[in-house]
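Enquirer: The chain contents come next:
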Amino acid sequence: MASLALDSCGSCAEHRTKSLVRLGLSPDRWDYLIALAGNPNTGKSTVFNALTGLRQHTGNWPGKTVVRAEGAFEHDGKRVKIVDLPGTYSLQAGSVDEEVARDFVLFGRPDVTVVVVDATRLERNLNLVLQILEITDRVVVFLNLMDEARRHGVAVDPVRLEKELGVPVIPGVARQDSGIDELISAALDVAAGTRTTSPFRAGRYAPDVERAVVGLAPVVESVYPEVPNSRWVALRLLNADEAVQEAVRSGELGQLASGSQEAVHAPPPEADRQRLLDAATRWRWDLPTDFHDVVTQHSYDAAEEVAGRAQMTGLKRAGFAFDRKLDKALTSRVFGFPLMLLILAIVFWITIEGANVPSGMLATLLIGTVHPWLNGVAAAASVPWWLSGFVLDGVYLATAWVIAVMLPPMAIFFPVFTLLEDFGYLPRVAFNLDALFKKAGAHGKQALTMCMGFGCNAAGVVATRVIDSPRERLIAIITNNFSLCNGRWPTQILIATIFIGALAPASLGGLVSAAAVVGIALLGITMMFLSSWLLSRTVLRGEATSFSLELPPYRPPRILQTLYTSIIDRTLIVLWRAVVFAAPAGAVIWLIANISFGGESLAQHLVGWLNPVGLLLGLNGVILLAYVVAIPANEIVIPTVLMLTVLTGGLAGGSGAGVMFEADSVGATSELLRAGGWTLLTGVNLMLFSLLHNPCSTTIYTIFQETRSAKWTTLATALPLAMGFTVCFLVAQVWRLVAA
Amino acid sequence: MDLRLPSIPLRQTVELVSIDLPADQAEPLLERGVLPGCRICPVRSSPSGHAIVSVDGSLLALRRETAACLCVRLLTSLQEVG
Ligand SMILES: Nc1nc2c(ncn2[C@@H]2O[C@H](COP(=O)(O)OP(=O)(O)OP(=O)(O)O)[C@@H](O)[C@H]2O)c(=O)[nH]1
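Chains as they are written, first to last, in my numbering: chain U, 1 to 740; chain E, 1001 to 1082.
Bear in mind the hints are in silico, worked out from the structure with no lab data behind them. No incorrect hints appear here.
Selected chain U positions facing chain E (in silico; Cβ < 8 Å):
1) Tyr89
2) Gln92
3) His292
4) Asp293
5) Arg324
6) Phe431
7) Leu549
Glycine included, every Cβ here is placed at the ideal spot set by N, Cα and C.
Construct all of the structure, not just a fragment, from the sequences and the given hints.
Expert: Here you go:
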């Protein structure tokens, strides 16, 4: 972000703010459309943010951007819309990501495509650049990560590269906002057509392939005279590329070519379109069997050649000595695993310890001070009791509780986690866990989506798009719920503190509670492996596909920006969601506590019915009812439990029927629960059940969105619930046997 | 003479000759710079036999079976070793 970057070139940034007005989210009308493409982890999202002032999620692992992000800015009076495409290595449309990116470059009709290139890995990145140059000649290359290239002794000559590629090449460091101004003007010049390009195009293929291309290209030209590169279209048709075939069939191919939004060509007559497709089919018969390999090899050769010319040779690659040393420890046979647990424990410990005080303060303020004051106001205004009860004791208190309990831990956890992510630790976790994933028949990248699940399961489910194989992706989706999400920690932390931390001497209480929470998180990971294994042996049978994972270089995280973005993007969004769900749930609780028949409230009836089942599971009716009420949001389980305990136990405490409250301190909560008949077993089983139960409603909905299948959504919902019942039941039986 | 990557000692750079995998599985490797003719060097291995290799300056983790599909050639002359 401009305001944070300590740019040496302050004057340009200043100049830019004058002419560049960031518009934030996408406008309906625009003068130019820019597509942002590039290999994974090259800094596309960083460039996107620098351009738009938006805070698209960035992080140091390949494949974060899975959905198309859109934004806009205004420059010299022109409105520019910009689309951030998923990072891909090629445009072969082999995975969902590649398809999204390819279709946009091809069919989205951008006025210019900006390709973000990692200067330290030129050759590999050029492969994509060359593929894009085949499709369109409106391209600008942004040579990013020049700082890293310099540090590692890789010298790229941008001027030479520009000559080779025939399109503008702008060197820069997106993270420091440098090169962005030049990028904007080059991109807009190309978009406006004031700067013409003469893109590098692959030369002749091997004779038998070349013959087919030369034979088909004139047919393409005769049917679609406006396409920029008939050879490419011919090649794709020979390759039986479905999207291109469809574009020929529908006549859409002609529209793409112009690039401009307005010019609309009438589609060629249907007979002509069919003639082209038939010709392609005929030529395909004459192709050599290794046609695909020949073409692929050809494009890699070209990339190598161009890279070779633009890269200074003779420079010794100053290795990544620091990276290697760190990797040696973090992925070591001996220390890799313990270090991972240690890091996890430290993150939780910081979260638990750090959140205590602000949580207490918020609770005192919102519940201890504001709530009585609001009640006073309501009484003074003689608002009917049921209305003030419903709004203040139901809706307000539920919301206040969620804020007090969730905001502080999230505001600590998310930034810490994001720092780790920015630093590049996640791919190492994936590496450490891969052997286990493979044994479970799952994809190594599931480790990444699992980590995302620790923040929010819905986010983890969306992140599974990085997994190409549909079978392995389904496994990752169904088992993501075993990552203990952020909505469930407050429960874990509170119960661990009351029932387990209390067993240890006071000075060690915090540490012991943190260890218990880590234990539950680990159990979740174990369950995830177990269920992945089960799934891949039964309904989702198959072997794990071969897997290669890039370990990106460690990058110093940007502390300030991380704090800012993780608080805005993650914390507030998750909090908002919780509030939206907590408010109506608060209302429901108040209602079931205040509607009564047969002398007892509805809540008391329900708890009474559920109690036998609850006790069998080592829980109780209150907990089960709380989970039913809290389906929309896990966050409100604890306040619901407390309220129902007071209500049905006839205990003193709280402030009336259906009033959701937080006991003033952990001590008071503890006394209350114990008086309600809770034992250590109840506490332990509640922790287990909070880990193993159905996903929250948002996650269920997201699973349905991603799978489009009621069957898999049901399985993903029922599986953890069944496991939860089983585990709690077994623990309760064994516990009672041992105790007896 | 069919030398595969897993039999190469750590930190010895070799040249990749071919990838013995079906095209759709080889593609992701090619895209990440694992191309016939490139220099490849195993830098570490993990307990489960995973290999971390260095290719074109970046680090790549490969499953054992994948590594076993990479046919390589020793660099002979001093000049080649660089
Ligand atoms: N040193 C340095 N780091 C950069 C630069 N640009 C981006 N980064 C870092 O590179 C990492 C990846 O950046 P992103 O913007 O998330 O990458 P992306 O291309 O959007 O990644 P995908 O979503 O995987 O496609 C982040 O940790 C950035 O902070 C740069 O110019 N220099």
